[in-house]
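Asker: For reference, the chains in residue letters:
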Amino acid sequence: MSPETKIAADELERRIIEATEAGLPLVVEPYAEVARQVGTSPEIVMTTMQRMLERGAIRRIAAVPDHYRLGFRANGMTVWDVDDGDVDRLGALVGQLDFVTHCYRRPRHLPGWSYNLFAMVHAETREEVMKKSAEIRKLLGRSLRGGDVLFSKRILKKTGFRSRGGTR
Amino acid sequence: MNQHALSQTDRELLNILQAGIPVVPRPYAACAEALGLSEEQVVSRIGEMLAGGLLTRFGPMFNVEKMGGEFTLVAAKVPAESFEDISEQVNAFPGVAHNYEREHELNMWFVTATSTKAETDALLRAISEKTGLTLFAMPKEKEFFLELKLKL
Numbered sequence: 001m002s003p004e005t006k007i008a009a010d011e012l013e014r015r016i017i018e019a020t021e022a023g024l025p026l027v028v029e030p031y032a033e034v035a036r037q038v039g040t041s042p043e044i045v046m047t048t049m050q051r052m053l054e055r056g057a058i059r060r061i062a063a064v065p066d067h068y069r070l071g072f073r074a075n076g077m078t079v080w081d082v083d084d085g086d087v088d089r090l091g092a093l094v095g096q097l098d099f100v101t102h103c104y105r106r107p108r109h110l111p112g113w114s115y116n117l118f119a120m121v122h123a124e125t126r127e128e129v130m131k132k133s134a135e136i137r138k139l140l141g142r143s144l145r146g147g148d149v150l151f152s153k154r155i156l157k158k159t160g161f162r163s164r165g166g167t168r
Numbered sequence: 001m002n003q004h005a006l007s008q009t010d011r012e013l014l015n016i017l018q019a020g021i022p023v024v025p026r027p028y029a030a031c032a033e034a035l036g037l038s039e040e041q042v043v044s045r046i047g048e049m050l051a052g053g054l055l056t057r058f059g060p061m062f063n064v065e066k067m068g069g070e071f072t073l074v075a076a077k078v079p080a081e082s083f084e085d086i087s088e089q090v091n092a093f094p095g096v097a098h099n100y101e102r103e104h105e106l107n108m109w110f111v112t113a114t115s116t117k118a119e120t121d122a123l124l125r126a127i128s129e130k131t132g133l134t135l136f137a138m139p140k141e142k143e144f145f146l147e148l149k150l151k152l
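First to last, the protein sequences are chains A and B. Residue numbers for the first sequence follow this note's numbering, so the first one is 1 and each next one is one higher. Residue numbers for the second sequence follow this note's numbering, so the first one is 1 and each next one is one higher.
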């Protein structure tokens, strides 16, 4: 490949991110369209994106639904105080529940905040969120020292995340 | 609009699309065949769902941390009487990406998006100075990764 047509890997990734940040082109062959936009071949775009998937820079190429619009009107942030020795093992189990959309271990802020495991639950109603929360409670079993559910009352701000952060 | 208004095909399509499409020349071919649609129909349905707001986004989901970005969840206890003013002040910082009011003593929960840990620290200091709030930063220490989400 001649020097002027070869794009460095970093630069190529940057251009692919730019071209797809707002979303994948809505055509039957989207990677070919991305390739046209970044100035390379479809094969190179696919190889590069596959590599980004493998190292986790891209989690997946997928749809992000608007939970609220899909009827999941209640959103509860369930928070749990779990023994430090068990939190990673149990967090992995909680993360596999199909109604948990995000699951993280976070630092406690003692004495006021003792919860170290967070699992976001979306459901159609509050009652449904509480039922699901009870399922998580059961799963956490003896390692659980306490829990709470924080329902969202209002979205105060919501912006699209930029891939490199900080700008919005 | 609620999920019961979705057709069975829409539901199945959404479940497939949430799990993700492959990196192959025609990534919708398999899903179209499974649903008895053409690839063009799948693509145009995705477009309609985006336009109608059922989907907020469709494309690569970038892992910001792996690309040199940083998200931090921050909680604060905001007095009810100044909630609106403080909410405006917090939201005015460009580094604040999401902000939710939640039912708890810690009633404000926002997420900052910056490039570095140092930027996060500086942003939190600035928000704290501006609003007088004590902020509780709860950066993720570990993420329990999830594959397929919200079965419809």
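It should be emphasised that the hints constitute simulated quantities derived from the structure, not laboratory data. Here the structure is a predicted model, which is why all the values come from computation and not from measurement. Hints may be right or wrong, so weigh each one.
[What the hints assert, rightly or not] Derived DSS-like pairs: lysine-lysine, alpha-carbon spacing no greater than 25 Å straight-line:
| # | chain 1 | residue 1 | chain 2 | residue 2 |
| --- | --- | --- | --- | --- |
| 1 | A | K131 | B | K66 |
| 2 | B | K130 | A | K131 |
| 3 | B | K117 | A | K153 |
| 4 | A | K131 | B | K117 |
| 5 | B | K117 | B | K140 |
| 6 | A | K138 | B | K140 |
| 7 | A | K153 | A | K131 |
| 8 | B | K130 | A | K157 |
[Said to hold, decoys possible] Rough simulated footprint, nothing fancy, chain A against chain B, three-plus residues with beta-carbon under 8 Å:
| # | stretch |
| --- | --- |
| 9 | 7-20 |
| 10 | 125-131 |
The C-beta atom is built at its ideal place from N, Cα and C for all residues, glycine as well.
Asker: Hints first: check each against the structure and report whether it holds.
Answerer: Hint check results:
1. K131(A) to K66(B): Roughly 35 Å separates the two Cα atoms, so the pair is violated.
2. K130(B) to K131(A): Violated, at about 40 Å.
3. K117(B) to K153(A): Status violated; Cα separation ~29 Å.
4. K131(A) to K117(B): violated (37 Å)
5. K117(B) to K140(B): holds (12 Å)
6. K138(A) to K140(B): holds (24 Å)
7. K153(A) to K131(A): This hinted pair holds, its Cα atoms lying about 19 Å apart.
8. K130(B) to K157(A): Answer holds: K130(B) to K157(A) is near 18 Å, not above 25 Å.
9. 7-20: This one holds; 5 residues, not fewer than the three required, reach chain A with a Cβ under 8 Å.
10. 125-131: violated (count 0)
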